[in-house]
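**Student:** One-letter residues, chain by chain:
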Amino acid sequence: MSPEQAAHRISVEGLFKDFKIYTQPQDRLIELLLGKPRHEVFHVLSDISFAVPSGKSLGIIGVNGAGKSTLLKLLVGTLQPTGGNISLRGQVAALLELGAGFHPEFTGRKNIFLNASLLGVPDENIEQLEADIIEFSELDYFIDRPVKTYSSGMYVRLAFSIATMVRPDILVIDEALSVGDMAFQKKCVQRMNEFREQQKTMVFCSHSMFHVQELCDTAIWLDQGRIREMGDSDKVVGHYEDYCSNKKVYHSIREDIPEELKQANADSEGEGKGEGGVQDCKINSLSVKSPEGNELTSIPALSDIVLEMEIEVLVDGMEGNFGFAFMKSAEEPIASFLTTGVDDIEKGPFRKGDKITVALTVKNMAMRVGEFYVLGGLADKSGLLWYETKFSKLKHIDANKGVGPLIMHSEWSVKPPS
Amino acid sequence: MTISLLRQWILTPISNYRLFHNFTKQDFFGQFAASIGGFLWLFLTPVVQIITYAFVFRFVFGIRGPEEFGETSFVIFMVIGYMPWFAFADAVSKSPGLLLEKAPLITKVMFPTQIIPVVGTLVPYLTHGIGFGVLLFYLAVTGYLSWQWLWLPLIFFFQFLFTMGLVAILSALCVFLRDLQQLVGLLVFIWFFLTPIVYPIGMIDSASIQLLFLFNPMHSFVNIYREVILLDHLPLINLQIIVPVSLLSYLGGGWFYMRIKHAFGDVL
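In the order they appear, the protein sequences are chains A and B. Here the first sequence is numbered in my numbering, starting from 17 and rising by one per residue. Here the second sequence is numbered in my numbering, starting from 109 and rising by one per residue.
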């Protein structure tokens, strides 16, 4: 073994895993007896190779069903690979399921013993660790009550305390941090950071991108059983988040305006009519234009754009504030602009029949990627009560060079040596 | 390959002593956790069953203790067979559920899973072994004790090995064939009546049919217990049967289990 390989705690080469899918349970028996294949093969993982050096931690991310859990099970050894090699050096502790092996009728204290021996703790160490485990889990007097009375947070606290207290060389964790309150999560992160300082190795699978970025040096993005991207965790997480947000918009919007937005429009109209029977005003049109006045559906990054709406006043004496927002969906704003703090514009009162055109120039459009709606609206004087809102059609940012969600107006300078 | 598998199987309780110990403790005490009766059930169940069987077979059917066993009452004759059988039947009936119950553990935690059938056999044998022990104590006090009794622990151990092999096979097979759960219950029921426990074998007229019972290892076990305890005599023919059969079951079952245990994760 070369020194370089020796430094690797975990190395995985050309890993494949297939599941055999049987439509009926008896098919498995018939296949066994007659030797005739009666299953469909489902490739869960294909051609996975990676290595984790001692003291580093690896995050595994991907959408549900990408094969994350299967990969962890293969690492831990509860599943056998169809092809390829896995080698782990050192004692492994796994938290694939919270409190797997807890006996519900027994107290937390009694469960510590079985659980720790499942994790392979040497005989004499469990008694020593018991007090530490109980203290870290913050279970106090609950430790002597049956675990069936525990909340899910208490369950995971005990399980996490045991798994990390046994000081394995390699710790494999699946989604353990998603349960438990913020304070305990913070403790877990601390504990895991201590782990890294002690040159222990971690494999961590989570949907919490924050934790992956925080705790992992490298990350693997699994997509349909293949490695889509591998590298620095910040970068991989960034790309993955991008992909997810795009995908979400793509799926939810069949036409230019999704159902939820239509619904939101309908609701606000309904309310307006409901109150007193007469609307205060109406937004006749909403448009996104270039400074030259051309209507835009796609927007070049860093360009200036003009948001414009025409409002028809329906009652005498209406006054109020105007607003625009970039919205990811009906509920998710990206950026907002309001006139509440702006004094040098005309805010009324207007007379019935007036038509006002409100325009806002947004400079150096800072979104680098993505799609959004523009929301135009009219609020009362305080800016809290909205009379009327209207969504634009879906806009998107033109493709451009660079990474990350944002792009900024910037200037370079390099001073030559004098 | 085969040798190393068998070695792993045989050494399981030793090489994983701590886990083995904790598992056994958990399963043994888990039986009674959160029940008010607790250990009382351990004695209540067999006592009630024995009284019921004794009532039906002794008083309703009028079966008497066989003459070749001398003055012995039918109830004692029956109980000596029934207690060891109960350990066997309990272990075998529970075997199909052993791995299925522990499915989350097997798929999520890496540990030597062969510990499960070992513990799954040991716990019923411990549980009912206590009952059997109490019975033996009673018989010893009432004057049945003899040097031949030294055979009993050994015979009981062979019965344990025989059971463990079956439990290993059944528990592993049941991962793939869930129907076994129902089937095994039925088979144990039939097996009970095909073993001369609640009736003396002498009630069967034909000697050739009596010979057929030698194919039932449980008959041999029961017969050894009875002859050793009641007649101070070790029936060699039965001993010659149970030793090879027990070893074969133990090693064959262990080998089978070790061979297919890697597939559990995929199916569970």
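In case anyone wonders, no lab produced these hints; they're calculated from the structure. Mixed in with the good hints, there may be bad ones.
Stated by the list, open to error - Here are the simulated EDC-like cross-link-like pairs (lysine to aspartate or glutamate), alpha carbons at most 20 Å apart as the crow flies:
1) Lys-133/B <-> Glu-140/A
2) Lys-133/B <-> Glu-146/A
3) Lys-210/B <-> Asp-34/A
4) Lys-369/B <-> Asp-34/A
5) Lys-133/B <-> Asp-160/A
6) Lys-133/B <-> Glu-143/A
As the list claims (entries may be wrong) - Stretch by stretch, here's where chain B covers chain A in the computed footprint (C-beta under 8 Å, at least three residues):
7) 40 to 46
8) 104 to 113
9) 120 to 129
10) 348 to 361
Here the structure is a predicted model, which is why all the values come from computation and not from measurement. The beta carbon of each residue, even a glycine, is placed where N, CA and C say it ideally should be.
**Student:** Can you list which hints this structure breaks, lowest number first?
**Tutor:** 3 and 10
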